[in-house]
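**Q** Read off the chains here:
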Amino acid sequence: MSAFEYAPQERLLRALAEQLKLPLVQIARQSELGPASQPVLSSIGYTADMAIRLIDSYLLSVQVQGQAVFDLEPVSVASMLQDVAHQLSPLAADYRLDLQLSLGGSYAPVMANRYSLESAYTMLGYAMIEAQASNERRQLVLLGAHRRAGGVVAGVFAEHEGLTADIFRRARALYGHARQPMTAAASSAGAGIFVADTLLHAMNAPLRVAHHHKMAGLAATLLPSQQLQII
Amino acid sequence: MADILLIEPDRILTRIYCAYLRERGHIVTAAFGAQAAVQELDMHKPDVVVLEMQLAGHNGIEFLYELRSYPDWQDIPVVLHTMVLLESLKLSADLLRAMGVTQYLYKPATLLHHLEEVVNEVVVPRNSYNARGLVKPRLVEHTDALRPAQT
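So the protein sequences, as listed, match chains A and B. Per the working numbering, residue 1 is the first one in the first sequence, and the count goes up by one each step. Per the working numbering, residue 1 is the first one in the second sequence, and the count goes up by one each step.
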């Protein structure tokens with residue numbers, strides 16, 4: 001989709017998103033100038049970096065919506081989730097949450113756009129970490145994957161109640177209209193979830209409510225490459 | 001220690017990068033645009049150019065073509081340190097390499113110490129000479145150099 005096909009509000013939002021990256025980069029880099037012994041400065045840096053990632057993921061989600069063809073490549077789900085965990089670890093520590101990986105074995109590579117897939121899971125993880133932080137006791141957030149008929153279910157799961165398929169369906173209709181589309185599960189707008197959903201939807205793997213080790217969360221079913229399995 | 005020409009349009013970021021790099025012993029000359037950068041190059045040849053693509057007036061691509069049009073500046077390595085994602089540049093790695101770009105860094109994802117590491121990697125050591133006694137550039141010439149570096 002060319003820039004001229006976007007509605008005026010969308011174009012303004014895209015321009016705003018691009019512009020917001022600059023002050024966030026300034027904040028993130030300025031935080032690095034302080035002494036390393038000040039953890040609050042590191043926290044400022046992680047927060048700004050994650051906000052930049054959210055903006056980039058949003059811009060990517062707008063871009064992929066207009067694309068008929070996606071660049072696909074074999075992606076290792078385990079490797080991708082490990083990279084996501086690495087990126088989210090400082091944020092989870094800041095929010096005083098335990099972030100764990102639960103991969104349960106090895107999986108055949110899936111055909112996906114690596115950058116979009118990683119952006120989607122990073123944003124999903126970011127939103128879920130933020131959602132858990134409103135609970136008083138220390139929470140666990142899990143990046144998990146397991147096999148189901150036809151594919152690999154990979155998602156972000158947490159120890160919270162309140163996330164059901166019905167709530168998520170309603171949230172999909174409410175985001176952008178309501179300040180809190182998922183009040184039962186999150187106190188914020190949860191934009192990262194819907195950005196992730198858009199990116200995954202473009203790869204025919206929309207998010208849905210799923211469970212992993214008795215924890216509820218949001219996950220996508222990724223299809224292993226049949227051709228690569230034959231090799 | 002490197003002699004760096006930093007081409008960065010944002011003054012706050014310029015201040016940050018200059019403070020960080022100078023504190024670590026590098027010489028940094030800042031230029032806010034392509035034209036100012038060419039004027040600085042006329043006066044003084046740096047070891048490396050750190051270049052933002054999104055500049056006011058002439059953009060980074062135009063600057064690169066200008067830079068490579070002068071024989072004296074052929075061997076100056078260029079590190080792209082930009083707000084533009086590599087995929088959005090719509091330039092092939094071969095073309096960037098042909099223009100003397102030795103490394104691409106996505107600015108929002110590049111920590112200060114990583115920028116310095118990359119600069120140190122691409123800069124010719126001051127005591128490194130070829131048989132004729134001229135400084136020979138040590139270019140990082142592999143495809144991975146033109147993917148966003150992991151930080």
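These are calculated hints, taken from the structure and not from any lab test. Where hints are given, some of them may not hold.
With the C-beta cut set under 7 Å, the calculated list includes, among others, these residues of chain B facing chain A [stated by the list, open to error]:
{"hint": "1", "residue": "12"}
{"hint": "2", "residue": "30"}
{"hint": "3", "residue": "38"}
{"hint": "4", "residue": "112"}
Beta carbons: idealized from backbone N, C-alpha and C, even for Gly.
**Q** Could you run down the list of hints and mark each one as holding or not?
**A** Going through the hints against the structure:
Proximity of residue 12 of chain B to chain A holds as hinted, the smallest CB-CB distance being about 5 Å (cut-off 7 Å). For the restraint placing residue 30 of chain B at the interface with chain A, the shortest Cβ-Cβ distance is roughly 15 Å, beyond the 7 Å limit, so the hint is violated. Nearest Cβ of chain A to the Cβ of residue 38 of chain B: about 25 Å, over the 7 Å cut. The hint is violated. Hint status for residue 112 of chain B: holds, given a least beta-carbon distance of 5 Å to chain A, under 7 Å.
When held up to the earlier numbered hints, the structure conflicts with 2 and 3 and fits the remainder.
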